[in-house]
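Colleague: Listed below, chain by chain, are the residues.
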Amino acid sequence: MLFPTKTLSFTVMIIFCGLIYYSLSTAKRGKELPKVRRIPALEAIDEAIGRATELGAPVHFSPGRGGLIDEEAGQVLASFQFLSYIARQCAKYKTKLIATICDPMVFPVAEEVVRQAYITEGMPEQFTPEIVRYLSNDQMAYCTAVLGVFQRERPAANFMIGGWYAETMLIAEGAAVIGAMQVGGTARLFQLPYMVVSCDYTLLGEEVFAGGAYLGKDPVQLGCLAGQDLCKIVSSVIIAVGVVTRLLGWNYFYDVIGKMGK
Amino acid sequence: MRREVPAIVLAFVGLVMIAETFLNIPAVASLSRDIKNWGIIIGGFALALGSANLARFHAVRIARKNKEWYNSVALLASMAVFALAGVTIGPKAASYSFYYNNFLAPMNTTLQGMTVFFVGSAAYRAFTVRNSEAAILLLTALIVILSSIPLGEQLWSQIPVISKWIQDVPNLSGQRGIIITSAVGSMAIGLRVLLGLERAHFGGE
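If you read the sequences in order, they're chains A and B.
123 is the number of the first residue of the first sequence in our numbering; add one for each residue after it.
143 is the number of the first residue of the second sequence in our numbering; add one for each residue after it.
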């Protein structure tokens with residue numbers, strides 16, 4: 123029944139999901155919660171919103187070009203946690219928020235996330251349809267539209283967290299030109315260098331997925347983070363065993379893993 | 143119920159997709175195909191919703207005579223022309239291709255070309271030596287850039303060798319670290335969605 127070529131990935135998925143589930147159920151039962159290390163990029167989110175509030179300028183958020191039914195879906199889902207937090211902060215401080223959307227399927231979800239954030243903060247009247255804007259699903263048209271928003275409305279903070287493609291550099295530099303403080307984040311390897319050079323703070327890879335736990339201090343998400351750490355330990359052990367056994371000329375472990383992946 | 147029903151649907155769809163990836167069962171593959179087709183149809187509705195939002199936003203801008211409102215007129219006119227041309231003559235007609243090839247394509251290419259200048263300006267800011275990390279970044283970038291032009295090898299024959307080592311060892315190991323940890327992060331968020339514990343996309347925290 124199981125595809126023979128996928129035995130390894132299926133086994134790894136079951137083990138990792140088991141570890142994550144164990145950690146999050148332990149956290150849900152109120153056992154000791156993990157301590158999250160300081161992540162400067164996440165702490166900079168409040169600083170950037172505070173700066174925009176003081177300047178009376180808007181805050182811009184974009185989840186990038188990733189969609190809900192492609193390989194970037196995980197990052198886009200993670201970006202909603204940031205959008206929710208940023209929207210709540212903006213509602214609290216009465217700061218104008220602009221969320222620009224590229225993927226049409228992301229648009230209604232993002233609108234709901236922002237609407238609920240304003241309701242949570244007791245400011246439903248502050249939510250307007252102008253906050254979440256669908257611009258275009260064409261990459262360059264989306265870029266142009268965002269650059270237009272930057273020039274006309276001059277946001278003081280720019281958050282680019284999610285699934286980003288070649289539009290990263292154009293949008294990040296467009297925000298740098300108007301002097302906006304920027305926090306970027308993506309797990310897409312090809313866009314990370316662009317974010318590192320153009321943004322003030324960058325969330326690298328898994329930090330994008332850790333945002334919800336860090337900002338919300340939700341026990342489930344904190345438990346999940348602990349589970350992710352266990353998975354990383356298991357991965358590191360497998361890598362270390364593979365390297366050592368290959369260096370010593372013992373190929374049994376390498377062959378077993380190799381066969382499962384073929 | 144407003145959140146429970148979507149959470150159940152989401153979990154079911156997620157489980158079908160996982161089953162389709164790992165299990166060789168024709169019924170699951172067929173169900174997965176149907177779900178993907180529904181996704182495309184829902185995507186069409188979402189596009190209509192997005193277009194309505196866009197049209198409404200710009201109509202309001204024009205009505206209020208906001209800053210640069212005339213750009214909104216141009217946008218709505220372009221939308222109307224392309225939509226009408228697409229519906230009446232079809233996207234494969236020569237006149238439709240004329241609009242596309244002579245308006246949209248050159249503008250897209252212009253913007254892509256601008257990326258080069260933006261890379262230059264960002265690199266200039268990033269490579270300013272302010273601390274030890276920036277100095278390492280500058281040195282590494284210099285070696286990799288020099289290795290990709292004939293002058294690099296002429297200056298010192300070891301530059302391509304060092305560049306290859308940088309890309310194959312520290313760079314690749316860093317990349318693999320990011321890939322593994324991001325995959326674990328994705329798996330964690332997927333599991334939370336399947337268990338109905340991920341609430342951000344329903345507007346929760």
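What the hints contain is simulated information worked out from the structure, not anything from laboratory work.
Where hints are given, some of them may not hold.
Said to hold, decoys possible - Pairs of lysine to aspartate or glutamate, EDC-like flavour, derived with a Cα cap of 16 angstroms: (1) K128(A) / E162(B); (2) K150(A) / D192(A); (3) K234(B) / E210(B); (4) K306(B) / E295(B); (5) K178(B) / E193(A); (6) K209(B) / E247(A); (7) K214(A) / D192(A); (8) K214(A) / E193(A); (9) K216(A) / E252(A); (10) K218(A) / D192(A); (11) K178(B) / E252(A); (12) K209(B) / E252(A); (13) K339(A) / E193(A); (14) K207(B) / E169(A); (15) K157(A) / E275(A); (16) K214(A) / E275(A); (17) K214(A) / E169(A); (18) K216(A) / E165(A).
What the hints assert, rightly or not - What follows is a list of derived Cβ distance ranges for each label pair: (19) L152(B) / R276(A): 23 to 31 angstroms; (20) V271(B) / N373(A): 43 to 51 angstroms; (21) R151(A) / N213(B): 50 to 58 angstroms; (22) F312(A) / N243(B): 44 to 52 angstroms; (23) L177(A) / P233(B): 52 to 60 angstroms; (24) M221(B) / D192(A): 52 to 60 angstroms; (25) R276(A) / L189(B): 43 to 51 angstroms; (26) V378(A) / M221(B): 55 to 63 angstroms; (27) V378(A) / P168(B): 17 to 25 angstroms; (28) N373(A) / Q254(B): 21 to 29 angstroms; (29) V147(B) / I137(A): 51 to 59 angstroms; (30) L189(B) / L370(A): 54 to 62 angstroms; (31) L177(A) / S220(B): 31 to 39 angstroms.
Said to hold, decoys possible - From chain B, some residues computed to sit far from chain A (all C-beta separations above 10 angstroms): (32) V151; (33) A188; (34) A222; (35) F260; (36) V303; (37) V335; (38) E340.
We treat Cβ as the ideally placed atom computed from N, Cα and C, and that holds for glycine.
Colleague: Output the indices of the hints that this structure fails to meet, ascending.
Modeller: 2, 3, 6, 7, 8, 10, 11, 13, 14, 15, 16, 18, 19, 22, 23, 24, 25, 27, 28, 29, 33, 35, 37 and 38
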